[in-house]
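First to last, the protein sequences are chains A and B. Residue numbering for the first sequence follows the numbering used here, beginning at 43 and increasing consecutively. Residue numbering for the second sequence follows the numbering used here, beginning at 452 and increasing consecutively.
Keep in mind that the hints are not guaranteed to be accurate.
So these bits of chain B aren't anywhere near chain A, every CB distance computed over 12 Å [stated by the list, open to error]:
| id | residue |
| --- | --- |
| 1 | THR483 |
| 2 | ASP487 |
| 3 | VAL517 |
| 4 | SER520 |
| 5 | ASP536 |
| 6 | PHE578 |
| 7 | PRO616 |
| 8 | GLU629 |
| 9 | SER657 |
Covered stretches of chain B, as calculated for chain A (at least 3 residues, CB under 8 Å) [to be verified]:
| id | segment |
| --- | --- |
| 10 | 581 to 588 |
| 11 | 620 to 626 |
| 12 | 645 to 656 |
Some chain B residues near chain A, calculated using beta-carbon distances under 8 Å [to be verified]:
| id | residue |
| --- | --- |
| 13 | SER496 |
| 14 | LEU527 |
| 15 | GLY538 |
| 16 | GLN540 |
| 17 | ARG569 |
| 18 | ASN617 |
Don't read these hints as lab results, they were simulated from the structure. Positions of the beta carbon are idealized from the N, C-alpha and C atoms, including for glycine.
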Amino acid sequence: MRELSVAISEGINRQLLAHLLRGDGQEDLAFALWTPSDGAHRRTAIVNAVVLPQEGDHQVHGNASFNADYVERVLKLAMERRSGVAFLHSHLTDGWQHMSNPDIVAEQELAGPVAAMSALPLVGMTVGTDGTWSARIWERSGPKQYQRNWCRSVRTVGEQLHVSFAPELAPIPRTSEMLRRTINVWGEENHTRLQRLRIGIVGLGSVGSIVAEQLARIGMTRFVLIDFDEVQLHNLDRLMTATRDDVGHLKVDVAERRIRRVATADDVDVSAIAYSIAEEPGYRAALDCDVLFSCVDRPRARSILNHLAYAHLIPVIDGGISVRFKPVRFKPARFTGADWQAQTVAPGRPCLQCLGAFDIGDAETERAGMLDDPSYMSGLPVDHHLKQNENVFPFSASLASMEVLQFVALTTGLAGWPNLGVQRYRSIPGMMERLPDQHCRDDCPTPTLIGEGDRHFSLFSRDPTAEAARDRQNEGAGQRGDDSEA
Amino acid sequence: MPTPTSDHQHEIVFHIDQEEFHATTDRFTVRTLLADYAKEDPNTSILAERQGNATVRHENLDELLVVKSGTHFIVLHNKPTPVSDFGPQRLVDDLRALGHASVETMTDAGGIVYAIIRGFVVPAGGFAGRQIDLGIPAPPSFPNAFGSALHVRAIPQLLPLENVPNVHNVAASPLGPEWHYWSHNFSAGGVGTTRRLMSQINRVLSDA
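Model the full assembly from the supplied sequences, consistent with the hints where possible.
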């Protein structure tokens, strides 16, 4: 059975808590609309609009009850917007909330009409006085029968990522002596926040392989590794997880082996996905994640990750390296410096496009296959940014550390500082700076898609680069006489 | 038609949304309730009957209902898909709204979709007055994303296949051998994208 989760943007969460957590010590209720975000193994209900009760819609009497007119209004809205319906109410205790009998009856009665009218199952949610959400989804199990399936987690996404976990579905993993010094730094509570997250690393090259190593060593337990490429000789000066023996093997397989070898957690769950994030298997694997690391060097993948950060509420930690050269007549260009930059994107923060991390036209050029067309590329000036891919290991190592620290800040709010902003290291003169805080441009379309999932469009299709890589890999396997099923 | 018959012996009273209706018969087709009572288009709306907290849809317009007094119906609007907000159809709709009558879509072997304006007349410059077919990439997230090339089909071709750095980069087009890919970085996005794209395309063609 697939895993279930709920995601809420910080803005919607604020609106809900302001209504549900009353000052008079009584419970309250509300409805909301949601849209599905379907990964390979997880469905997330993204709550993206609140439908608060109007006068006469509900009664508050210690507990709370709703009237049929309210349900009718919500169902109409859900049909018009082609959305699902979520029923939310508050309890007067802390932590993950279970359900009382009246709660169960109320949701069971709603499950049928909601499913019939919206064609999506009812999502039920309860919030405790500390703002911790619990959630379940009522799936049809037979004629007029609906079964309650608990969500593993509820994620609130904004400046900080807050995740509440169902204790039965996501128990706190045991930690070993190996992690004593790590936990001494950020504390047991922060560590339990980190270690149950499913973390996606998109791109297992120089930066991604070091991110994987660091996360495995600090005790992370759930990994999704997405990369279609294989290890090649020219990677070995920067690829932490690979040796000469790995040439020709998939980068995700090499990274998976390394994670299992160095992990400090007792149990690790690693999925190796040998596809591009622009292809459906890679895209859906990314939708299974709570946080994504963008360790890619091409614009199309960044544009997709940018979409996932806002439309699907999966925060993305991104980094990039820019190496500068000065042209010298009749000689090789001279190295003059390098900068690398790390940033986290999610609702409430500027998007990758507005931060200049990718150009949307370049992403479409790549989608059209032109970046792998030698005749097209030869027509670009020698210093064109699409031709820049030089790098050395220490640059990647430094950037990977910056990205992992952005992740720790995002997920723990370490020392009260969840947003490290846009950090740039300038190798010359050798200084780190935090760039002035920015917002998306006024005409940026990204914020308009917050929490919308793929209601309007999906960004996966074919990826000519990944297809060419698989052809190359199959050819290499044939020459080595490998079993093609291996 | 609904008639106010408040003192009739067999009168029944029912509601559609917030409106109260009185009738002397208790048998109605779904179509009658939608068209004559609710004044809704039966083709774009659905009649649903409230039963406690549940709601039962009546989707067969010819279904004959026996309506009891106190029955409460609601009308759900099953609107046709609106003009696309995103993607190739949005670009086609925008181009037609800008006065390009002959616009269609084409898909290349890689699955990329283009809006094609047939018989586009180059407005100015050395090729002014030439009729061409103009292909504009139409990504699924258009207008949030847009292509970085125009595709030109002209007989004879306007420019040869050649790369002249910082001048032009004309390559083979995936639309077929009669088409040329003209690389160009457009600046657009969001509201007014199509108008701004066309303005830049006109400039590229005029400067060629």
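Hint by hint, here is what the structure shows:
no., hint, result
1, THR483, "22 Å, holds"
2, ASP487, "21 Å, holds"
3, VAL517, "21 Å, holds"
4, SER520, "18 Å, holds"
5, ASP536, "6 Å, violated"
6, PHE578, "21 Å, holds"
7, PRO616, "5 Å, violated"
8, GLU629, "18 Å, holds"
9, SER657, "20 Å, holds"
10, 581 to 588, "violated (count 1)"
11, 620 to 626, "holds (count 4)"
12, 645 to 656, "violated (count 0)"
13, SER496, "10 Å, violated"
14, LEU527, "5 Å, holds"
15, GLY538, "6 Å, holds"
16, GLN540, "11 Å, violated"
17, ARG569, "21 Å, violated"
18, ASN617, "6 Å, holds"
Checked against the numbered hints given earlier, this structure breaks hints 5, 7, 10, 12, 13, 16, 17; the rest are met.
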